[in-house]
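Line by line, the protein sequences are chains A and B.
Numbered per the numbering used here, the first sequence spans residues 1 to 215.
Numbered per the numbering used here, the second sequence spans residues 1001 to 1386.
Don't read these hints as lab results, they were simulated from the structure.
Just so you know, these numbers come straight off a predicted model, no measurement behind them.
Even glycine gets a Cβ: it sits at the ideal position worked out from N, Cα and C.
A hint or two may mislead.
[Unchecked claim] Beta-carbon label-pair distances, calculated as ranges:
(1) A:31 x B:1076: 51 to 57 Å
(2) B:1366 x A:19: 24 to 30 Å
(3) A:158 x B:1364: 52 to 58 Å
[Said to hold, decoys possible] With a straight-line cut-off of 30 Å between C-alpha atoms, the simulated DSSO-like cross-links for lysine-lysine are:
(4) B:1386 x B:1314
(5) B:1095 x A:53
(6) B:1314 x A:54
(7) A:215 x B:1089
(8) B:1089 x A:54
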Amino acid sequence: MNETASNSAANLAHSDRIRVDLQLIADMIEPGTRVLDIGCGDGELLGYLTRTKKVDGRGLELSNEGVRNCVAQGLPVMQGDADRDLADYPDSAFDYAILSQTLQATQRPKEVLSELLRIGNKAIVSFPNFGHWRARLDLMFKGRMPQNPNLPIMWYETPNIHFCTVLDFVELCKEMNLTIERSMVLNEAGSKLSLGSQTRFSNFLGNQALFMLSK
Amino acid sequence: MSTATNTEKRPPLPGHHMVLGETEKLRLDSGVEFGPFTLAYQTYGELNADKSNAILVCHALTGDQYVADEVHPITGKEGWWSEIVGPGKIIDTDKYFVICSNVIGGCLGSSGPKEINPETGKPWGLDFPVITIADMVRAQTMLIDALGIEMLFAVIGGAMGGMQVLEWCKSYPERVYAAAPIATSFRHSAQNIAFHEVGRQAVMADPDWCGGNYLLEGKKPSRGLAVARMTAHITYLSQPALHRKFGRKLQNRGAITYSFDQDFQVESYLRHQGKSFVDRFDANSYLYITRAMDYFDLSLEYDGRLAEAFQGCKTRFCVVSFSSDWCFTTAESRIVAHALNAASCNVSCVEIESDKGHDAFLLDEPDFHMVLSGFIEGAAEGRGLK
């Protein structure tokens, strides 16, 4: 009996360890809220939020395989993409609209951002930072488009078509009159870097960026 | 003497029969107050103490209530969804109480055109009132009431069964905890209506149809109904699936015969499909039920704004389509899913890759089974079902 109980506790603990950058997103979310995870993949974050924060979570995922895997876990996910399929959701349908590592792959990032803040009271957005020093070195010394473990795909095959830097993103938020509620940059492993509030440093040292926005 | 002598002599079909609408009649969309009427139904598993584990399975056009019987009383084969429903299966009858009723207008024991009109003592024939998907569902609610079930844990069905699922969620959302409309749509497309019309014309062109009075005349429009089934059957398959199965293979012969005999295997197969269908289905029922599907358009009363049909609906949905289904396409399913989204409903929408066409929902499709199983388990957890 006890062994079974401790086993399942161990399983739970194990299954509830998620990717470090996703954990940072999860930490931003209040329990019991309504969450839409756009580009939810295999449902790692969505499942975690549903289990541990009891959110009313929904997902949108481009790949059929991802959708299938999510629904097979009992997660409410539908096939669709951020460019096309956000228009259906009513205003303020969610407390949070999450777009993790997907903004750079959208056709119209600006429209997508404003959609996120139409359907969600807050938007949580993460993206690879092209202002990172290594990306700058790649361009400056190698004269090649940046590639790293988080961006392993060659330029001609990558789904990522709209790259930006942390500074670029902050500028866009200003232009769109969006409030940056929280922001942080992460290292290559997805862990948070403590750099204070200097955007310039963050832009140089952060491999990925994570923002929470509101209107 | 008796008109009943002309109807086929068969022992009464096994399973439950419930007479409904005795005190309060069934109000049909056509305006007719109908009743009392009978629904024939099967149940599998046990209803739990708080009556929270009931799953209503809705059958498709030519399906019936014998969803998971080991031996179908007429065909001798196993039930049409034995793959999915049964002990330890995806719709686990050890855990859930599964109900499946023959639709009103059907021909396997529920009131329909081949049953006797109590007022005349003769088979209804075309005097049977025209029914709709909403009528079928309204009749089912009376059965569910009679079984003492307030809220169904799930309503699940494919094709016309899926139409009933959507109708349940539109009209009785508080009575459905989870819904799986599979390979279906919120309306019948022009192409689907067109194919149904071909089928109906085939039935009505058969002289043995006798203006719908074949039972009285001691005849049976078997040829017409078989042609209807043959046409419909093609629409349930996909071009690649049909070609993979038969190609241009010849039927028990080395060469073509320069005749109109069944040279090709696919011809023989279709003839067989048609022939076996007429043994288990009533031609007038086929007219009525295809008509019910044709009339189905959930968005009609909302001027096409489908989302309004689901406003405030708390049901969780799993909308499933199959990539090669050209009767009920993924595009149609996505319209449903988008409308559900717009109504802030809890919705999953999955397209299953399959080249088996519309019939894929009845076949062994592991991805589909994985999805349906996950959806049901997730919903059971939400509903607190152990």
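Next item on the list: Measure nothing beyond the straight line between the CA atoms of residue 215 of chain A and residue 1089 of chain B; if it is 30 Å or shorter, mark the hint as holding.
Entry: Violated. Residue 215 of chain A to residue 1089 of chain B sits at ~49 Å, over the 30 Å cutoff.
Check: Measuring from beta carbon to beta carbon, are residue 158 of chain A and residue 1364 of chain B in 52 to 58 Å?
Finding: About 38 Å separates the Cβ atoms of residue 158 of chain A and residue 1364 of chain B, which means 52 to 58 Å is violated.
Check: Going straight from one Cα to the other, do residue 1314 of chain B and residue 54 of chain A come out at no more than 30 Å?
Finding: Satisfied, since the Cα-Cα distance of roughly 17 Å is no more than 30 Å.
Next item on the list: With a cut-off of 30 Å on the C-alpha distance, tell me whether residue 1089 of chain B and residue 54 of chain A pass.
Entry: With a Cα-Cα distance of about 29 Å, the restraint between residue 1089 of chain B and residue 54 of chain A holds, given a limit of 30 Å.
Next item on the list: Return holds or violated for the Cβ distance of residue 31 of chain A and residue 1076 of chain B against the range 51 to 57 Å.
Entry: holds, 56 Å
Checklist line | Range agreement (Cβ of residue 19 of chain A with Cβ of residue 1366 of chain B, hint 24 to 30 Å) | finding: Given a distance of about 28 Å, which is inside 24 to 30 Å, the answer is holds.
Next item on the list: Compare the distance between the alpha carbons of residue 1386 of chain B and residue 1314 of chain B with 30 Å, and conclude whether the hinted pair is satisfied.
Entry: Roughly 21 Å between the alpha carbons, so the hint for residue 1386 of chain B and residue 1314 of chain B holds.
Next item on the list: For the pair we were handed, residue 1095 of chain B and residue 53 of chain A, check the Cα-Cα distance against 30 Å.
Entry: holds, 28 Å
Violated hints, listed in ascending order, are 3 and 7; each of the other numbered hints is respected by the structure.
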